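Residues per chain, in single letters:
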Amino acid sequence: SQTIHQWPATLVQPVGSPLSLECTVEGTSNPNLYWYRQAAGRGLQLLFYSVGIGQISSEVPQNLSASRPQDRQFILSSKKLLLSDSGFYLCAWSVRGGGSGNTIYFGEGSWLTVV
Amino acid sequence: GQSLEQPSEVTAVEGAIVQINCTYQTSGFYGLSWYQQHDGGAPTFLSYNALDGLEETGRFSSFLSRSDSYGYLLLQELQMKDSASYFCAVYNQAGTALIFGKGTTLSVSS
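Read top to bottom, the protein sequences are chains A and B. According to the numbering used here, the first sequence holds residues 1215 to 1329 in order. According to the numbering used here, the second sequence holds residues -12 to 97 in order.
Simulated from the structure, these hints should not be mistaken for lab results. Owing to the predicted nature of the structure, the values given are computational and were not obtained by experimental measurement. Check before you lean on any hint, since a few could be wrong.
[Stated by the list, open to error] Each computed DSBU-like pair below joins lysine-lysine, with the alpha-carbon atoms no more than 35 Å apart:
(1) B:Lys89 - A:Lys1293
(2) B:Lys68 - B:Lys89
(3) B:Lys68 - A:Lys1294
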């Protein structure tokens, strides 16, 4: 069966510090990978998605970046965090070429508080 | 681009029926999906409609009208555990990523 893991689960970072969130998927190959952010009490905002190694699409311009160094690994980074970067970050995956009804499966999420 | 509108909050009592509406605007429609998210947890898939009509899965049903760019999620025989946020979602124009609405918080009381 397929599983998705992301870490760390929680972190508190000072403004201006760097960020690295990591996500890995097991049990599948060539997945589509996603990063979403959810601010407190808000909806799910798509940040980045990737359909293959080294292929990253950015949906919202901001001080975050994403990388996909391996097929089932997706990393979210920032060089300098802002207070507004606080939120719940969710990694997700779906089957490549899964069709229009493709289900997205989410990881457990990472709570980021920028202080 | 894509945009979705759904009510921010809905309240109901146990055993009742509740309907959560969703209207959408999208360039290139691939279907309407619904996800459930309990407080502090990750969203999980509930249902998907590609064609007009009603899809039923146990106590939950989802409806789609493509001509009206409208759908709804119907929850019957509400239970306390149904208290959660519910999101409707559509794919982006390329069909590669889901765009979510802001979510509807459902509170079920006894």
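Hints versus structure:
1. A threshold of 35 Å between alpha carbons decides the hint, and for B:Lys89 with A:Lys1293 the separation of about 28 Å falls inside it, so the pair holds.
2. For the proposed pair B:Lys68 and B:Lys89, the alpha carbon gap of about 21 Å is at most 35 Å, so the pair holds.
3. A hinted pair counts as satisfied when its Cα atoms are at most 35 Å apart, and B:Lys68 with A:Lys1294 does not qualify at roughly 40 Å.
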